[in-house]
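Those protein sequence lines, which keep their order, are chains S and C.
Start counting the first sequence at 1; every next residue gets the next number (the working numbering).
Start counting the second sequence at 1001; every next residue gets the next number (the working numbering).
Accuracy of the hints is not assured; some may be wrong.
Unchecked claim - Per label pair, the in silico range of CB-to-CB distance: (1) S/A77 x C/S1161: 32 to 38 angstroms; (2) C/E1063 x S/A77: 30 to 36 angstroms; (3) C/D1311 x S/G75: 36 to 42 angstroms; (4) C/E1063 x S/F162: 23 to 29 angstroms; (5) S/W78 x C/G1163: 33 to 39 angstroms.
Simulated from the structure, these hints should not be mistaken for lab results.
Treat the numbers as computed from the prediction; the structure is a model and nothing was measured.
Cβ coordinates follow ideal geometry from the N, Cα and C atoms, glycine included.
Here are the chains, one letter per residue:
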Amino acid sequence: MHAPTPEIASPLEAAIPENPPVTKHPEVPDEPLVRIRPTKSSIAIDLRDLWAYRELLYFLTWRDLKVRYKQTVLGVAWAIIQPFFTMLIFTLFFGKLAGVPSDGIAYPVFVYAGLLLWTFFSNAVSHSGNSLVGNANLLTKVYFPRVIIPGAAVAAGLVDFFIAFGVLIALMVYYHVSVTWSILLLPALVGLTTLLALAVGMWTSALNVKYRDIRYALPFMIQLWMFVSPVIFPSSFVPQKWRWALALNPLTGIIEGFRTSLFGRNPFDWVALATSTAITLALLVYAAYTFRRMERTFADIV
Amino acid sequence: MKPIIRIHNLSKRYSIGALEAPYATLRETLTGLVRAPLKRFRRNGAGRDDTIWALKDLDFAIEPGEVVGIIGRNGAGKSTLLKILSRITEPTTGEVDLYGRVASLLEVGTGFHPELTGRENIYLNGSILGMKRTEIESKFDEIVAFSEVEKFLDTPVKRYSSGMYVRLAFAVAAHLEPEILVVDEVLAVGDAQFQKKCLGKMGDVARKGRTVLFVSHNMVAVKSLCNRAILLSGGRVAKDGGVDDVVNGYLRDADGIARTGIIPDDAPRLYGTDEAKLRSVRLTDLSDSEVAQLYLGQPCRVHLTFEVFKDIPDAVIEVGIVAMDGVQVTNSSNIDGGQPAMFLGRGIHKITLELDTILLPRQYSFHVSLNHSNGLTIELIERALDFDVLRVAESGGDSYRWTNVRGYVRPTSRWFEPQGSVPITGDSENSNAGRDLVAGGKR
């Protein structure tokens, strides 16, 4: 009587014989593969676990990119459009009208270099900051190291960065900016930016799970952050007595270093770079620690 | 034998506050900090009771190759247990040791992205479920064949019908090859045909000697798949043993419901979708006053209340009458005699069925089901309401006279006076025949 037609009256019973015979047992190892315990002392990130799930990082990054440009006419071109048009407008207003100095380089190249790194950083932070909440369905249904989610958002931003980097090369050729040996430091600077974005992204994404205020605070904070970073202007534009305050922003050393490495005009400011690196690493450790501590309750409160 | 899963003293506590307000805002936390000392003062340090134990002191082991059904009402702790075993949430106390790779299937299509194509989602979902890329590639064709969506592989899944979506999602999950498979209620989706296929696939997994933990409200599926069942109740193990024993005990627990006809949300259900729920069953006489017993031959009305959450254009309702010895006596459906199926819109519906009973005096129960006209069961409640048929008729003139009730129904019958009777004339052969006739009639 489960269903009106007799042939599908009991689909489930018909499917399989009762109590299927068990034919073979897999070998049971002596040591458990997984021990589940309430976490007492929080260690930072479990790197071995993270390595085991590296393919998931790849697939989630790939998903983020695919989805971002699905059903768009211009597709990946959007990765270029954002920094490029911002560059045009900034060049007009800050370069031409306000006469902001640019350390002796054509202002478009100068500001594009800053914007390139900034766009990467701000997109990575805002995407990863909202990533855990946006992937709540994954958090409550499957296990994997949670840090992969904000990590994938940063990685997807990195791909956009490389695409937009092409425009920088074109601009440098157009404005006859030659490259020096200092370019060799470029990967390290991009790496440092990635770590900084990851640190901020991890921290905000974890807080966002508990405090949805982050969702509203984040865009605003990012906007303010740009004005205390040497994106539009060089550090030298800031009065000497306030330079130290600017240097507390880890992006200052990185963006300045990025331009130095690209254009080779000034010597590297090693003190600023060391400060940025130290602050970035400290933030990363702190973020990883906070993340681990909050990770336990993600599935319960997201 | 050495267990593959060992659970010791496992408990999980949730704070009810956290359940009510899934996330806090900074302001609430700040005001909470200010108020907290006051609150504590007001309560005078009495025990904090704003927490509940979803699981309490679970202690059991599962051996390799066992297929264990985890059953129990909603809130019994089934899902929490699966979430701990899947490492989605942490226990509050206790320990679990897993001696094998675990794949958990708490939902079909976890991580499916509507914008991505079927092909892309196979890779994404496989990877989320813990498959290696090479593993997905080698099983890709098999997955596609199982899902029956070959033609739409390069279509975004947002354009899939819900049936195709579920088939594809299950196809990926069905090709996981962990040592321990943890499955939650995924079989409640899809049409009957596909459910059958999924159960078949799970049966295969079990026969390969893998360990399966299967949470379900579908008792038929639990019975046919599992060899052991664990009944959870209030976060504790209420019963653990052979599947038939535990499941039958659990279903007998329905007695409380069957006396009142009020169907709670968490009544044991064998089948069903979330489209509608049976809320109550009432039995009345023809003047609509409630009765628990029927006189012999008394016509009656059965009043069903359904809460429908989604329009059902093709509702087929069936009321079955089952005797307490398990024999299904008969059933009645709104499409009997070629009548059309009903339209039930979103809302609460009271449906009345009038029955001319021909039941013999016994104890019976109504089984009620709501189905789509294609046979997919929306709601099925066994033993929704018990009732008795008395030995006497309402008028008092008729009664059932035999001590032992033989059979279940008394057909509407007409007996005729003897006609054309021939008197016995003294011939011995004829007299024998006459005696046989009398004996046969009496029996």
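Do the hints match the structure? See the list:
1. A hinted range of 32 to 38 angstroms for the beta carbons of S/A77 and C/S1161 is consistent with their spacing of about 34 angstroms.
2. Distance hint check: the CB atoms of C/E1063 and S/A77 are about 58 angstroms apart, inconsistent with the given range 30 to 36 angstroms.
3. For C/D1311 and S/G75, the hinted distance range of 36 to 42 angstroms is satisfied, since their beta carbons lie about 40 angstroms from each other.
4. Distance hint check for C/E1063 and S/F162: the Cβ-Cβ separation is about 52 angstroms, which falls outside the suggested range of 23 to 29 angstroms.
5. Taking the beta carbon of each, S/W78 and C/G1163 are about 35 angstroms apart, inside 33 to 39 angstroms as hinted.
This entry does not satisfy hints 2, 4, going by the numbered hints stated previously.
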